[in-house]
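Participant: The primary structure of each chain is shown beneath.
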Amino acid sequence: MKQTPSQTVGPYFAYGLTPEQYLYDFRSLADNKMVSFTDHPEAIQIEGQVFDGQGNVIPDAMLEIWLKDSENGLFGRFGTGTETGNKFVFHTLKPKPFANEAPFLSVILFMRGQLIHSYTRIYFEDEQALNAKDEVLNSIPAERRNTLIAQKTKYGYRFDIHMQGDQETVFFDI
Amino acid sequence: MSDIIYNKFDWEVQPPHLHPDYKSTVFRAPTKPLIALKQSLAELSGPVFGDFNLGPLDHDLSKNSIVNGEPLGERIVVHGKVMNENGQSIPNTLIEIWQANSCGRYVHKVDQHDAPLDPNFLGAGRCMTDSEGNYKFYTIKPGAYPWGNHYNAWRPNHIHFSLFGANITNRLVTQMYFPGDPLLQYDPIFLGVPPKGRELLISKFDLSITEDNFALGYRFDFVLRGNNATPFENI
Ligand SMILES: [Fe+2]
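As they're listed, the protein sequences go chains A and B. Counting in numbering that gives the first Met the number 0, the first sequence runs from 0 upward without gaps. Counting in numbering that gives the first Met the number 0, the second sequence runs from 0 upward without gaps.
Keep in mind that the hints were calculated from the coordinates and are not lab data. Glycine included, each C-beta is placed from N, C-alpha and C at the ideal position. Any given hint might turn out to be false.
Some chain B residues judged to face chain A by a derived CB distance under 8 Å, without partners named [claimed, not checked]:
hint	residue
1	H16
2	T24
3	R27
4	Q38
5	L40
6	S44
7	P46
8	N52
9	E95
10	L171
11	Q174
12	L199
13	L200
14	D211
Make the full structure from the sequences, and use the hints.
Facilitator: This is the structure in structure tokens:
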């Protein structure tokens with residue numbers, strides 16, 4: 000059997016996929032609070048923006064984050080249409096690393112102008128030792144590797160996604 | 000760890016990232032080659048949603064936002080099966096649904112098309128497949144609507160879908176079209192799919208599911224990625 004072809008999520012996904020975030024009267028099945036800081040004082044915040052090939056911030060992208068480690072499977076979803084600066088923000092945990100593997104979060108990215116979604120990963124700046132010997136990171140040309148590494152900030156981590164250009168984010172074929 | 004490997008995107012039927020006739024792809028499509036990734040536990044797992052996540056009218060868009068009457072338009076029932084490329088049905092999997100109303104207008108605040116909103120229609124819903132991978136939901140047939148891609152650009156009637164399947168490699172967001180729609184031949188989003196895949200996006204009118212004096216029936220099957228596992232044989 001042949002795969003059903005993908006089609007764009009389009010500009011009007013919000014009331015179906017992220018309704019509560021965009022204040023529509025429909026219950027959300029997922030949001031950006033993958034964990035709460037109250038239950039998990041060790042939780043982290045990751046924020047960033049998505050840029051197009053002209054350097055403009057994309058205001059109608061939707062990100063999904065999947066964390067899978069030995070303890071948890073956590074899912075989050077957020078659109079870039081509601082925060083100032085069209086940022087995305089997630090509250091999550093830092094995944095527990097498996098042996099010899101740097102911890103990472105899986106990202107699925109959707110937007111108008113993408114007929115098919117993109118996959119990337121978020122690694123962490125403060126995991127230098129594990130990052131340095133990670134098989135996946137080492138399979139990426141050195142000059143592009145840092146596009147996958149979230150930078151530590153005062154508030155947590157910053158991870159920007161560039162669809163094109165010098166800083167184009169690494170996307171995976173999985 | 001098992002050595003099941005899920006198939007990759009089948010580019011014989013999947014649309015490319017860059018399809019210049021669909022103008023928004025020009026500055027949003029990745030330009031550098033994708034990096035091959037060995038599937039790990041993260042790719043071979045994914046979120047699981049259950050029946051308990053759904054509201055009682057989530058599967059009926061013709062009823063789930065009634066304020067003071069029935070929504071206007073042609074009532075339809077859509078059904079089908081979710082399978083993988085190996086032909087195995089995918090039970091208990093979530094299908095999310097969103098669409099324009101019968102006039103071609105989305106509730107979304109960004110939609111400025113000068114067609115009326117329907118106070119009794121939101122256009123969002125969801126359902127789960129049953130133990131055999133079958134699903135069914137009720138809605139109002141969506142209208143065509145204009146968009147800014149080029150002069151006189153109109154989207155054919157369509158319903159948007161989001162599916163998860165077995166793991167994050169199976170993720171699918173797509174659109175279902177209706178048979179015989181004259182706008183399909185002009186739509187750069189539909190035509191972004193290679194010719195071999197286009198038919199797979201067009202639902203079929205189905206008299207067997209059509210409900211007498213109530214709703215026209217359409218059939219639409221979803222096929223998610225398969226894997227290299229040897230099919231289980233009953234012996
Ligand atoms: Fe649409």
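Participant: Against each hint, give a clear statement of whether it holds in the structure.
Facilitator: Hints and how they fare:
{"no.": "1", "hint": "H16", "result": "6 Å, holds"}
{"no.": "2", "hint": "T24", "result": "5 Å, holds"}
{"no.": "3", "hint": "R27", "result": "4 Å, holds"}
{"no.": "4", "hint": "Q38", "result": "6 Å, holds"}
{"no.": "5", "hint": "L40", "result": "6 Å, holds"}
{"no.": "6", "hint": "S44", "result": "5 Å, holds"}
{"no.": "7", "hint": "P46", "result": "4 Å, holds"}
{"no.": "8", "hint": "N52", "result": "6 Å, holds"}
{"no.": "9", "hint": "E95", "result": "6 Å, holds"}
{"no.": "10", "hint": "L171", "result": "6 Å, holds"}
{"no.": "11", "hint": "Q174", "result": "4 Å, holds"}
{"no.": "12", "hint": "L199", "result": "6 Å, holds"}
{"no.": "13", "hint": "L200", "result": "6 Å, holds"}
{"no.": "14", "hint": "D211", "result": "30 Å, violated"}
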